[in-house]
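Taking the hints into account, I'd like the entire structure generated from these sequences.
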Amino acid sequence: MTDAAEAGTDVAGVIDALGFADEMAQLRTRIADWVARCDPEMREALAWQFASGAKYFRPLTIFACHRAVIPGPIPATVMTAALVVEFFHNVSLIIDDIVDRSPTRRGRATLHTRFGELTALMASGYIVADGYVQLGGDLQAIALFSELLKRLGVAECMQWRLRRQMLGVEDWRRIAGEDTGSMFEICACLGDRSLRLRRFGGLLGLLYHGCDDVGDVRGAAALGGGGEEDVRDGILTLPASLAIRDPAIGAIFCKPDPTDDDLATLARAFAAQLPEAEAYLDRIEEEARAEARLFAVDPQPLLALVSQTRQLSRR
Amino acid sequence: MSDPGGGLGADRPGQSDPAAGLVAALASLVGQGLAAWGTAAETLFSAAGRGPQTPQDPLGTIADMAAVAGTALPGLARLAGRAEEGQAAFAQVADLSPAIAQACMVAAASALRYGRTIAEIMGRHQAGLLQAAMERGAGETAADPSAQRALADDLRAYLREIGDAAAQEARRLQHELEMVGESIAVVIDEATSPPHASSRPHPRRHQVKE
Numbered sequence: 224m225t226d227a228a229e230a231g232t233d234v235a236g237v238i239d240a241l242g243f244a245d246e247m248a249q250l251r252t253r254i255a256d257w258v259a260r261c262d263p264e265m266r267e268a269l270a271w272q273f274a275s276g277a278k279y280f281r282p283l284t285i286f287a288c289h290r291a292v293i294p295g296p297i298p299a300t301v302m303t304a305a306l307v308v309e310f311f312h313n314v315s316l317i318i319d320d321i322v323d324r325s326p327t328r329r330g331r332a333t334l335h336t337r338f339g340e341l342t343a344l345m346a347s348g349y350i351v352a353d354g355y356v357q358l359g360g361d362l363q364a365i366a367l368f369s370e371l372l373k374r375l376g377v378a379e380c381m382q383w384r385l386r387r388q389m390l391g392v393e394d395w396r397r398i399a400g401e402d403t404g405s406m407f408e409i410c411a412c413l414g415d416r417s418l419r420l421r422r423f424g425g426l427l428g429l430l431y432h433g434c435d436d437v438g439d440v441r442g443a444a445a446l447g448g449g450g451e452e453d454v455r456d457g458i459l460t461l462p463a464s465l466a467i468r469d470p471a472i473g474a475i476f477c478k479p480d481p482t483d484d485d486l487a488t489l490a491r492a493f494a495a496q497l498p499e500a501e502a503y504l505d506r507i508e509e510e511a512r513a514e515a516r517l518f519a520v521d522p523q524p525l526l527a528l529v530s531q532t533r534q535l536s537r538r
Numbered sequence: 005m006s007d008p009g010g011g012l013g014a015d016r017p018g019q020s021d022p023a024a025g026l027v028a029a030l031a032s033l034v035g036q037g038l039a040a041w042g043t044a045a046e047t048l049f050s051a052a053g054r055g056p057q058t059p060q061d062p063l064g065t066i067a068d069m070a071a072v073a074g075t076a077l078p079g080l081a082r083l084a085g086r087a088e089e090g091q092a093a094f095a096q097v098a099d100l101s102p103a104i105a106q107a108c109m110v111a112a113a114s115a116l117r118y119g120r121t122i123a124e125i126m127g128r129h130q131a132g133l134l135q136a137a138m139e140r141g142a143g144e145t146a147a148d149p150s151a152q153r154a155l156a157d158d159l160r161a162y163l164r165e166i167g168d169a170a171a172q173e174a175r176r177l178q179h180e181l182e183m184v185g186e187s188i189a190v191v192i193d194e195a196t197s198p199p200h201a202s203s204r205p206h207p208r209r210h211q212v213k214e
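Protein chains in written order, with the working numbering: chain A, 224 to 538; chain B, 5 to 214.
FYI, nobody ran anything at the bench for these hints, they're computed from the structure. None of the values given here were measured: they were computed from a predicted structure. The C-beta atom is built at its ideal place from N, Cα and C for all residues, glycine as well. A hint or two may mislead.
To be verified - Covered stretches of chain B, as calculated for chain A (at least 3 residues, CB under 8 Å): (1) 121-134; (2) 154-167.
Said to hold, decoys possible - Derived contacts from chain A toward chain B, CB cut-off under 10 Å, selection only: (3) A240; (4) A244; (5) G339; (6) R384; (7) L385; (8) M389; (9) R455; (10) G457; (11) S464; (12) L465; (13) I467; (14) D469; (15) E510; (16) R512.
Put into structure tokens, the structure is as follows:
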């Protein structure tokens, strides 16, 4: 099964589990309509970027957080927020792929590989600008998306500055909390609008980030990424933060130009930490569940979301 | 102004003040909490057998707060007394005593729950904390760098969890008091709305969690 096909199966499973099939169909239609109306100069690149294979975890988080607080159909403002969060998520993917020099994502060429860096960078700016247009007069959403963009920018710089350093699990938690954590935090706020589920969203993002790290070490293709770039670039993942407690592993991890043997040693050391990493993720999962039970009117959609996210490291 | 509490509006007998009853209960609750805090600080001092405190000393800080509590308590008692008059007047409109009792219960349960959570966190990290204390007491550091790094992670996690617990309990208390506030609003709406009113002036936006 190809990466994209496997990811597609996962998407269907998650959507079914959460019961948002109609909303997701609407979202896909809106994305397709938006691409069709884009400037012809950009259209091909944007169609490539938004082609199927996405997991739509972030829109699902918005829908689930809304449903956890307010019953009934998903209103138009929440649907638009879900559309724009998928826009902004794609912007972060485009930038990540350029920075990581990733040739493929979800089994297809990355945008900069296919169309060049200039087009990829300009497309990301185009997406952000049109995202704000989509939000219209929704001032709360505008403020939340602005917070998101700023935090993602800071997190990316922080993650890059702190690479190849002997840091700990708490440092990983801080970086992941600002990176993926901020994205899901904002999703939660966009969904429930009372900010009551902000902390839940942060924990869900942390869980997602950790599962992604562990899944990469397991060689999981379901999450759409490989872990090779992170190992090569000395990025502090959850298994890495546990493994580099060993000074010998830490010394290799901090090397500016690791050899292939070094990378193989690191990969083995990271794999050896998987049980402890899984145990750590179990604790984050429990924290997220406790938040859902405490602050949601109906925690069931959130608990389902946590369960689905937690499974991502086990594939 | 000779009485800083005079502006709270409880000194007009015969006129109802919807907030007075709740203010009285909360003022009493804060007073009780501060008194308990002061007692706890005195107990800590006795147990520790300490003399004069330095500004950096946590026990000294608690003692300062206890002193502030002692000063504040008479004022709070006056406030509570005046508010009781308003509460009696307000009872003519609607009986809010269950909501006030509920607010007191929520606050007390929050304090107990917070203490239990802190104890749980300390219990979970006890091994690491004890190890660090013993090593420091013996003037040595752990020989194994890996163990040292694991210990550092554990201690940092302990500090974060203590902070997280405080933040979470504060949010939980806020959430639960909001729910009590919602129930007060409902009581007032029902007591003061015209019999055939089709809509309330301040409809609740969110469902209240059971």
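How the hints compare with the structure:
no.: 1; hint: 121-134; verdict: violated (count 0)
no.: 2; hint: 154-167; verdict: holds (count 6)
no.: 3; hint: A240; verdict: violated (23 Å)
no.: 4; hint: A244; verdict: violated (24 Å)
no.: 5; hint: G339; verdict: violated (43 Å)
no.: 6; hint: R384; verdict: violated (20 Å)
no.: 7; hint: L385; verdict: violated (15 Å)
no.: 8; hint: M389; verdict: holds (8 Å)
no.: 9; hint: R455; verdict: violated (23 Å)
no.: 10; hint: G457; verdict: violated (17 Å)
no.: 11; hint: S464; verdict: holds (8 Å)
no.: 12; hint: L465; verdict: holds (9 Å)
no.: 13; hint: I467; verdict: holds (8 Å)
no.: 14; hint: D469; verdict: holds (5 Å)
no.: 15; hint: E510; verdict: holds (8 Å)
no.: 16; hint: R512; verdict: violated (13 Å)
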